[in-house]
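Undergrad: The chain contents come next:
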Amino acid sequence: MFDKTQLEEIEKLKHSYEKALEKSLPKGPERKSEFKTVSGIPVKRIYTPEDLTDMDYCHEIGFPGEYPYTRGVQPTMYRGRLWTMRMYAGFSTAEESNKRYRYLLSQGGSGLSVAFDLPTQIGYDSDHPMAQGECGKVGVAIDSLADMEILFDQIPLDKVSTSMTINAPASVLLAMYICVGEKQGVSSDKLAGTIQNDILKEYIARGTYIFPPKPSMRLITDIFEFCSKNVPKWNTISISGYHIREAGSTAAQEIAFTLADAIAYVEAAIKAGLDPDVFGKRLSFFFNAHNSFLEEVAKFRAARRMWAIIMKNRFGVSDPKALTLRFHTQTAGCTLTAQQPENNIIRVALQALSSVLGGTQSLHTNSMDEALALPTEKSVGIALKTQQIIGYESGVTDTVDPLAGSYAIESLTNEIQMKAEEYISKIDEMGGMLTAIEKGYVQKQIQDAAYEYQKAVESSEITVVGVNKFQMKEEERDFQLLRVDEKVGHNQIEKLKKLRSGRDNLAVREALEDIRQASRDTSVNMMPHIINAVRCYATEGEICGVLREEFGEYTENIVL
Amino acid sequence: MTHEKIRVIVAKPGLDGHDRGAKVIARALRDAGMEVIYTGLRQTPEQIVDTAIQEDADAIGISILSGAHHFYFSRIIELLKEHEALDIIVFGGGVIPDDDVPALLAMGAGAIFGPGTTTTTCVDWLKSKVHEKRTLEMA
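Top line first, the protein sequences correspond to chains B and E. Following our numbering, the numbering of the first sequence begins with 1 at its first residue and continues without gaps. Following our numbering, the numbering of the second sequence begins with 1 at its first residue and continues without gaps.
To be clear, the hints were calculated from the coordinates, so they are not data collected in a lab. Take these hints with a grain of salt, some might be off.
These stretches of chain E come out as covered by chain B in the derived footprint (C-beta under 8 Å, 3 or more residues) [stated by the list, open to error]:
#1 6-16
#2 37-45
#3 76-83
#4 109-121
#5 124-136
Where is the CB? At the ideal position from N, CA and C, for every residue including glycine.
Could you build the full structure based on these sequences and the hints that come with them?
TA: Structure (structure tokens):
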């Protein structure tokens, strides 16, 4: 980026700067002998043009909305439209969650993000023995279309986009959403939103898997195909690094493993006969915004550039929309502290800012009380306002990718890309992500990083304000925590009884048998069959039950 | 007898998939010289208690971040009682509100370690608790 004479002069000046430091440092030493990001990347005292001598601006950084999209996926970024302020929410019953969604929309939230309870995420109805104690706890309990109708009551599905954190049974919940749309008079081509639908990271880091990899991948590619024809505005997958990071990975591992998962999905879809230039447009991503501010900004930029290169070089994609990595961000839940919880507001603000400076398309900001319980309406409100302050007050949104050209940011962007590419090469050598997961390689890498992080916190190498430094002796908590009524499970069971006695059970039986047959023929797309069953109020547990019988269940490969 | 290694089950009951804490604790206990059996995800209380009894464990460590702690602690302790195995120490951690801790202790949990607890705190606590238990058994 600089010519030879300039670089020579810079080198000379740097030399004299370092010479002077040699004298002054013994008197005024630095705070640490080594500075590192939270992921362990050494941070230099100063970055200069010398760190970017090989940098090719036009081909590696370029312009927003243009390959390789380092500076952002749209030409005007937030000057055109701010990111979608999408707060992940859901608890208790459909009625309770519907109230929370309407509150968030009334407060200026611009999209919904549904959290389902664990039985729903794992394909069990609320009356299943494994659902005991879990109904409505970490999200809303949805057993059938009847619950889904209540969940979106008075929420116009043609105006609001909805993201659903649902993976193994994603096709069932998407089917329910399509059916709610039908009832509202909104055809499926007008529905906008996202299903997470990312099973590989469930095996690695999140744990809500049901079926083994092969049939799971088929369900996913069936969704790709079905949506490209029938729900064209739907993001068919949200390939997630968020949970990988929460499980303890480093920043470079987060994007490496996410992109390696993405490569596996693209390969599976191509194998199923789909065109990456078509389904590639509806792939979306989901990342974590952790503590090391500069590293995080660099990480988002590196991920965007890497994905464009992968899609172009590996898969021969040419449609610009299929080259762009569009992503949702959530601030890092694992950085929230139970001690001095108000401090979490500040942590979240900084993390959120890093994702905005990294060019996120949508954002969830965590609430201050989430190390203790699900957030209250008040704490969620503060978290949402945090985004609004960044978006409307801070001015960082007025110019595109404002940190580009920073020697530190560009150097870190390159470094994270390099580290992530090393992991991806290793996974390629192993034969791809499915094999790497089977071997426990990915899990082991994440766990090692998590353990290192824990040791670094315990040795105070990493500072956590209020936990290992600046603690307070006595902590008084003067705010209320959200409590999920223990009766939720009981009420859901009653609702299910009523549903099962009031519906056309012959139609349900036929629809379930139809799913069974479809599941046995891989040339058939499962989606229409699942929609049909959902429409006659077959429950999620019944549908997944048939698929469990046909596909079998995944058993965890325990790595310690 | 007292020189025997401490044997501990680290368990993830129910449907919760958050296993970072459980795995970090399992490794820390192992690094502290204990024999650790990590159950993996989706364990029923019955499976956990059976494993503990079969493995002749000194303790069961339960990690729950889903809010279902009340149900799982009470069920596991109930089952231990049924099997006359209440000498097995039960402890745990996760996302558990402070206000819920007294009830868990009252039903027989030895300790609840919240977010921010160091692994050393857990290790030290468990060592002394097992020592106490073994001394009692010897007497």
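Undergrad: Now tell me, hint by hint, if it's right for this structure.
TA: We went through each hint and held it up to the structure:
{"no.": "1", "hint": "6-16", "result": "holds (count 3)"}
{"no.": "2", "hint": "37-45", "result": "holds (count 5)"}
{"no.": "3", "hint": "76-83", "result": "violated (count 0)"}
{"no.": "4", "hint": "109-121", "result": "holds (count 6)"}
{"no.": "5", "hint": "124-136", "result": "violated (count 0)"}
Of the numbered hints listed earlier, those contradicted by the structure are 3 and 5.
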